[in-house]
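2 protein chains.
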Amino acid sequence: MSAADKLLALRGLFSSPAVTALTGGTPLSAYLLPSTDAHQSEYLADYDFRVKFLSNFSGSNAYVVVTEKNALLWTDGRYFVQAAKQLDDKLWTLMKQAQPDSITVEDYLISNLAAGNAVGFDPFLLTYDAGSKLLKKLNSVGLKPVAINENLVDKFWTDRPTLSNKKVDVLNTNEHGQSTCDKLTKLREKLKKQKCDAIVLGALDDIVWMLNIRGFDIPYNPLVYSYMLITLDEAHLFIDDSRLDDASRAHLSNIHIHNYTDAQPFISKWRESNKTARVFVPTSTNYAIGSIFGENSIQDDSPVMKAVKNGIEIQNMRTSSIRDSAALVQFFYWLEQEIKAGKTYNEFELADKIDGLRAKMEKFVDLSFTTISAVGDHSALPHYHPDGDEGNRTLHANQVFLLDSGAHYRDGTTDVTRTIWTGDVSTAPADFIRNNTLVLKGHIHLAQTLFPSGINGVRLDTLSRHALWQQGLDFGHGTGHGVGMYLNVHEGPIGIGFRTMSRHGDLKSGNVITIEPGYYLPQHYGVRIENCYELVSAEVNSGSKDFLRFEPLSWVPIQTAIIDKSLLNEDQVKWLNSYHDKVLELTGGFLKSNGMTTELEWLQKQCEHI
Amino acid sequence: MSAADKLLALRGLFSSPAVTALTGGTPLSAYLLPSTDAHQSEYLADYDFRVKFLSNFSGSNAYVVVTEKNALLWTDGRYFVQAAKQLDDKLWTLMKQAQPDSITVEDYLISNLAAGNAVGFDPFLLTYDAGSKLLKKLNSVGLKPVAINENLVDKFWTDRPTLSNKKVDVLNTNEHGQSTCDKLTKLREKLKKQKCDAIVLGALDDIVWMLNIRGFDIPYNPLVYSYMLITLDEAHLFIDDSRLDDASRAHLSNIHIHNYTDAQPFISKWRESNKTARVFVPTSTNYAIGSIFGENSIQDDSPVMKAVKNGIEIQNMRTSSIRDSAALVQFFYWLEQEIKAGKTYNEFELADKIDGLRAKMEKFVDLSFTTISAVGDHSALPHYHPDGDEGNRTLHANQVFLLDSGAHYRDGTTDVTRTIWTGDVSTAPADFIRNNTLVLKGHIHLAQTLFPSGINGVRLDTLSRHALWQQGLDFGHGTGHGVGMYLNVHEGPIGIGFRTMSRHGDLKSGNVITIEPGYYLPQHYGVRIENCYELVSAEVNSGSKDFLRFEPLSWVPIQTAIIDKSLLNEDQVKWLNSYHDKVLELTGGFLKSNGMTTELEWLQKQCEHI
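In order, the protein sequences belong to chains F and V. Each step along the first sequence adds one to the number in the working numbering, with nothing skipped, and position 440 is 481. Each step along the second sequence adds one to the number in the working numbering, with nothing skipped, and position 358 is 399.
I should point out that these hints are in silico values taken from the structure, not numbers from a laboratory. All of these numbers come straight from a predicted model, not from anything done at the bench. Do not take every clue at face value.
[Claimed, not checked] Cβ pair distances, simulated, as ranges: (1) F:Asn315 / V:Ser283: 33 to 43 Å; (2) V:Gly183 / F:Thr203: 40 to 50 Å; (3) V:Ala125 / F:Leu204: 36 to 46 Å; (4) F:Ile298 / V:Asn153: 31 to 41 Å; (5) V:Ile298 / F:Asn315: 53 to 63 Å; (6) V:Asp129 / F:Asn618: 54 to 64 Å; (7) V:Asn153 / F:Leu273: 13 to 23 Å; (8) V:Ala44 / F:Thr317: 34 to 44 Å.
[Said to hold, decoys possible] Per the computed footprint, the stretches of chain V lying under chain F, defined by three or more beta-carbons under 8 Å from a beta-carbon of chain F, are: (9) 239 to 250; (10) 425 to 436; (11) 495 to 504.
Where a beta carbon is used, it is the ideal one built from N, C-alpha and C, also for glycine.
In isolation and in its complexed conformation, chain F is listed as follows (with noise of 0.2 Å):
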């Protein structure tokens, strides 16, 4: 099916029965498909990645708007070189987000339609907030919003892939360090103190790190499609029967469990019976679940507590890291080999090889996210990862090399970015070398800091963009995430970013995120530096107790051959030594404990200190 197939297919049902049945008539003039799922997903599986199949664009973010004549896709600055690549201008416009001009979508609707146009939308992929404030909004000027059960895109998705059925996995104590039984005890505490009866889940990672299962029905994150309703006395679980087998079940034995399919009519039946009862509706809950419960619910941000990481939670995260760490030496250590024997490879073979030797360290499941391997300019484009074709560019001496990538093991989730210039550093353009060194500087300048417990990271993120911003130089993505234990890579509430100021974002000892400043020079190179962090409380010479620090998790050598000392400050030369220094004794421990001696000694290189 072409693209403008589907195009065609799809504004062929604006005027379909189905549609005027519930318009009284008027066929849609603009139909929504923001690129999520009934649980607001970040990855989907591609069972639901309708953007992919409609519009080609695979980026993680997404809006798509198709309106009689013109179909458009939002998205944001990480995404604007990749969207332009895999549209095809002829059909869609590519409409960025965050730029001085930017436009909204509602924005966009209210300009271009007019008063009485009917705009459909599938209720299951809005938040009630955000669904909600779309009606209000679209009300106010007449356009007349139109929620649509059954999603349009799906009913010519012939070829629509088809979901796993894997069973889930049972942590145990020493894995998640706290029990449902206290986790559900502390939630229902919150819940009291806020006047509430009951709470409705859909996030999946709020919904697994409270059971203390995980699953495997999307792809890099460990979650399971289900629904929870928990009230002060009981717990109803909605997932799919094949999920479970004995020893989940006989786990979950407190927990109601019912269909996945029966959540919306069970919801809707208990709130029949429960009219008074006051009901927290967490943001993240989608339209077609929040409007059972309207305006007579508490709406916050999910009060479930997974960003601080308890002491077995963090300790498991430590020891994981340095296998993690690891594996990614072992992976320059050979890279580097192999380049100077003369050899190339494409950047599948390379994916392949870093998964490959993640898969083989202890507690490994899966991959926390698809590798990014990305050769020479294919770095500019910051969530690229080989695919099709492109994946074809191999590498050999004197190229850039950025490699993102990450991994879940049973006692941890990591994410590590580092950028190489392979072969001969004397071959390296002198902005690259200045670029990456400012790129590192920010990185550093941010993991030095100090500061207050409980603040917002939008504060912090802009300490790692300053040194860019001195030469007039920025890039487009926030600076870091937050991480789960064993769960998504990128875990709210907490983030260090500079697009919204999330309201429950304060950090706190105890929470592990991301540092990845980046500069992204287009057609040319990226660079990008990722580590992960866990907070910690800092000892400070006012002898204030509520200060925080950085304390890395990632112990992976950062390329010295590429940075230009003259252009850190002293503390900042010290950072980098004393990391190196740390490197050496944690991730190089690993390798001599496991007898990997030639690695070793490379990495005893990699950390000399500048």
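Keeping the supplied structure of chain F fixed, place chain V upon it in accordance with the hints.
Below, chain V alone, put in the same frame as chain F:
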């Protein structure tokens, strides 16, 4: 009337017939009183300062809740010390805003009241947005919010001050730089783009800017009580007739003029005849006016573009800032001579001295806020100003003196803070020198920063406090605020703060904004160093045209004798020295051409390089 009697009187009204007629018989369980007027003005006419009358707290940010048993006052970090002093703690509880464990007014009400309880509020004192959210949240937990048009405090405020009735002033072309006709055309273009048929204006600075007039209803703010209703063809102004004379009537000849008190009935009636009109209701509009339009309106930040100054406005602000700086130099010169001569002055006298020097300057109109003249530990109260017995504190040698002051001239508004040590600087405590330098370091760090045009000010705030954080120190207020052109000294929507991310607070060339980091050691001393800056296009190495920098408007020496140079880096020392070179050129130039030779000689010493 005693503080206890006032609360008794207010609680007595909780079950008055006027109230129970609105609640259907239920007496109030709580009454809400934010410290503002019907226009959400920051500074209040004494006529509207109900919170001070009731609670004795005189800070500019306060939200009072009185329940049957408790009286609570919410305020922010600027005022914690002051509020603790002014509130009678047997009657009042101080509620701290923006702390890790802070709770909001709504959450307090939800936790402390029971379903069915009535909560009274004055619909003129809440924005439409805040009022709608309050109603939604309270309703959702079964509380009953009740709008009471006549403020309950007014009913027992027998010695309530009266309003001034000074006539408005009209600005000329060389003062405003853009005619009302042109401003209305630009505003109507914006309305059409948003498919709006009209806008209602309630923010007084929006109105006087739009009409190129200034008023005198509120001390320190050149405003006049008014509303506007602007349609695509007509402009209606609601203003007390006594404020106009022949000149202003002639100037406003194209505007339909109505009485101030007719605003609500006229706008309601207009709405009746224009039911389908889409009306822009700025978010600062009060609930009484905003609820006339309800959901069928566009609610967003005001589209009145006063934050970007035009060429004439900015040139005027440069000129007035130099005169203002010269007044400060005269003051600090005078003070040094007097202290040397062994004389002492109390805080009132010091404030009178600087106020008097400013008043003699050409085009002086008024102060832009009450002068903060703080001796010794009074400087530890960020928004202290001499009042009552406190102001009798005398300044002599070997003390901290903090002066935060500014004025309105017909060609600009100013705001400058300097902190000095009087007498022999060798008597200054080492920690004062160190912390003063850290504050200066933060000020310079931000003032030197190049940053992308269009970013939100929240992204710059951390730069001014980073040096303090590294020592485990911080300050409780934002870094800076927008400044009007002969208008409010605190002017939105721009600012450099950390609490919220204003949706339209993107920084642009032509903005005028302060940088004013501080440090406050309670019971000991406070430091604050503040300049006004204009934002100008920056030349950057990358060649990008999209970067901005801060160019000072205030040219007042910063006491170099209390700087620990070893804490500044080379660039920071360079900035300070070249700032002082320019102080000498501009402010020195003014002193010279006005024959103030001794002041000029003194200034030369102050501006010597460190």
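Query raised in the report: Broken hints, numbered, in rising order?
Result: When the structure is compared with the hints, numbers 1, 3, 9, 10 turn out to be violated.
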